[in-house]
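Undergrad: Keeping their order, the protein sequence lines are chains A and U. Heads up, the first sequence is in my numbering, so the first residue is 3 and it goes up one at a time. Heads up, the second sequence is in my numbering, so the first residue is 3 and it goes up one at a time.
Just so you know, the hints here were simulated from the structure itself, not pulled from any lab data. Keep in mind that the hints are not guaranteed to be accurate.
You can't tell identical chains apart in this list, so a pair holds if it fits in one copy or across any two.
[As the list claims (entries may be wrong)] Below 20 angstroms or equal to it, Euclidean Cα-Cα: the simulated DMTMM-like pairs (lysine to aspartate or glutamate) are:
id	residue 1	residue 2
1	151	46
2	186	158
3	40	19
4	133	180
5	59	34
6	186	156
7	57	137
8	40	61
9	13	46
10	13	195
11	151	195
12	186	14
13	59	19
14	57	158
15	13	88
There are 2 protein chains.
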Amino acid sequence: MGIQERRTRQKENLRQEILDAAREMFVEEGYDSVSMRKIAERIEYSPTTIYLHFKDKADLFNQLCEETFAKLAERLGALQRRHTDDPLAYLREGLRVYIDFGLKHPNHYTVAFILHPQESCDYNFEDSIGKRAFDYLRTAVMVCVEMKKFRHLDVDTTAQALWAAVHGVTALLIVHTDFPFVAKNRLIDHTIDTMIRGLQS
Amino acid sequence: MGIQERRTRQKENLRQEILDAAREMFVEEGYDSVSMRKIAERIEYSPTTIYLHFKDKADLFNQLCEETFAKLAERLGALQRRHTDDPLAYLREGLRVYIDFGLKHPNHYTVAFILHPQESCDYNFEDSIGKRAFDYLRTAVMVCVEMKKFRHLDVDTTAQALWAAVHGVTALLIVHTDFPFVAKNRLIDHTIDTMIRGLQS
DNA sequence: AGTTTATGATTAACGCCGTTAAGTTAGCTA
DNA sequence: TAGCTAACTTAACGGCGTTAATCATAAACT
Numbered sequence: 003m004g005i006q007e008r009r010t011r012q013k014e015n016l017r018q019e020i021l022d023a024a025r026e027m028f029v030e031e032g033y034d035s036v037s038m039r040k041i042a043e044r045i046e047y048s049p050t051t052i053y054l055h056f057k058d059k060a061d062l063f064n065q066l067c068e069e070t071f072a073k074l075a076e077r078l079g080a081l082q083r084r085h086t087d088d089p090l091a092y093l094r095e096g097l098r099v100y101i102d103f104g105l106k107h108p109n110h111y112t113v114a115f116i117l118h119p120q121e122s123c124d125y126n127f128e129d130s131i132g133k134r135a136f137d138y139l140r141t142a143v144m145v146c147v148e149m150k151k152f153r154h155l156d157v158d159t160t161a162q163a164l165w166a167a168v169h170g171v172t173a174l175l176i177v178h179t180d181f182p183f184v185a186k187n188r189l190i191d192h193t194i195d196t197m198i199r200g201l202q203s
Numbered sequence: 003m004g005i006q007e008r009r010t011r012q013k014e015n016l017r018q019e020i021l022d023a024a025r026e027m028f029v030e031e032g033y034d035s036v037s038m039r040k041i042a043e044r045i046e047y048s049p050t051t052i053y054l055h056f057k058d059k060a061d062l063f064n065q066l067c068e069e070t071f072a073k074l075a076e077r078l079g080a081l082q083r084r085h086t087d088d089p090l091a092y093l094r095e096g097l098r099v100y101i102d103f104g105l106k107h108p109n110h111y112t113v114a115f116i117l118h119p120q121e122s123c124d125y126n127f128e129d130s131i132g133k134r135a136f137d138y139l140r141t142a143v144m145v146c147v148e149m150k151k152f153r154h155l156d157v158d159t160t161a162q163a164l165w166a167a168v169h170g171v172t173a174l175l176i177v178h179t180d181f182p183f184v185a186k187n188r189l190i191d192h193t194i195d196t197m198i199r200g201l202q203s
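Hey, can you work out the whole structure from these sequences and the hints?
TA: Spelled out as structure tokens, the structure:
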């Protein structure tokens, strides 16, 4: 029965090779500049081979999105494990981690969060890793509310408002490079501080 | 001397016709789906004619962006004229106007604020209408600080943080249609409230 | 062992796209 | 009326995502 296994293993390898090439090129050149043909050339296969592993370009890049979500979720998980005591500090640092992650991987962030729904992909949020990442934020907020660090407020609404705020900073800093922003860290800290302060009793 | 004038007037007319067609199509179909060829077909000219009026596709759409900025700026100006008394209410409503504007014209907002720098265009923020729109926000914040509605804080940083927050909500609501957001107005109000509350003394 | 079958991969093509270079035409100028 | 100029078009280049048809080869079956 090892033959079938080797086959699927090889197929899986090529699949991963495509993802790796696509990710690398995409990180370097941005979404639009990376074509299926270029990816194919890089991995030394014909363009059509990619379609044996991914439905279309949108599908391929959505898989990369999921990988991005996964990395972010992982980072937030690690943070959570370090921070059992102070829920407010944990939330604050989590928001920072989110923004830093975006600024460190701007092209990934762009695909996953700014452009996101490459149309026609049967993407379901409920089963996605993106949901897992968001849940870290949600529970962080919940704990803050439960421990009376925040005034009484709706957990979902608050989590989403916080996401909006950090997404806003991240997206603006990535996209509007021509805008005369104040120092990055200043802006980031001020945004986070203001939101958290606004949520406290 | 009327001949030259009529010529340039006609040329200007065509230019406006292109802009109108492009805007209309773009609002209907989104950025990527609108091609130079389709625009040309709509106005019943050959595709190359467009290039007599605009450097390239990015240029054309950036002009539309400026128009979008202008409309937003105009709306904010009207608001300012109605609101000489309560600076905090003015700021709050201004933020709401921004978000509503984005949600009402999602495709415009997408080009102007989410995708924005169609590469290779020699766009200069300092001379743009976008700056004018942003200045409304800046001065609104300044007034709030001067009238002690806010605690002592940096005007630029605060204005940018507020922009980040409202951009965040707007962009998320437009782009992440698959996310299970709470009711729109609830999220919008909560985000604005939280930020403003965080800025108060 | 020879034949069929399945599977991975390719070639060729379709119909788009943005953009440029060369050509045409209509109307003003001298 | 001849020449020039500006508006506009035709034709083409190179690239794109994607599909249909084809090929090669290794596995399975008789």
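Undergrad: Taking the hints in turn, state whether each one holds.
TA: Structure-based check of each hint:
no. : hint       : in the structure
1   : 151 to 46  : neither (56 angstroms within a copy, 63 angstroms between copies)
2   : 186 to 158 : between (28 angstroms within a copy, 12 angstroms between copies)
3   : 40 to 19   : within (14 angstroms within a copy, 37 angstroms between copies)
4   : 133 to 180 : between (32 angstroms within a copy, 11 angstroms between copies)
5   : 59 to 34   : both (11 angstroms within a copy, 15 angstroms between copies)
6   : 186 to 156 : between (30 angstroms within a copy, 14 angstroms between copies)
7   : 57 to 137  : neither (29 angstroms within a copy, 46 angstroms between copies)
8   : 40 to 61   : within (17 angstroms within a copy, 27 angstroms between copies)
9   : 13 to 46   : within (15 angstroms within a copy, 50 angstroms between copies)
10  : 13 to 195  : neither (48 angstroms within a copy, 52 angstroms between copies)
11  : 151 to 195 : both (14 angstroms within a copy, 18 angstroms between copies)
12  : 186 to 14  : neither (41 angstroms within a copy, 42 angstroms between copies)
13  : 59 to 19   : within (15 angstroms within a copy, 34 angstroms between copies)
14  : 57 to 158  : neither (34 angstroms within a copy, 46 angstroms between copies)
15  : 13 to 88   : neither (46 angstroms within a copy, 66 angstroms between copies)
Against the hints set out earlier in the document, violations occur for numbers 1, 7, 10, 12, 14, 15.
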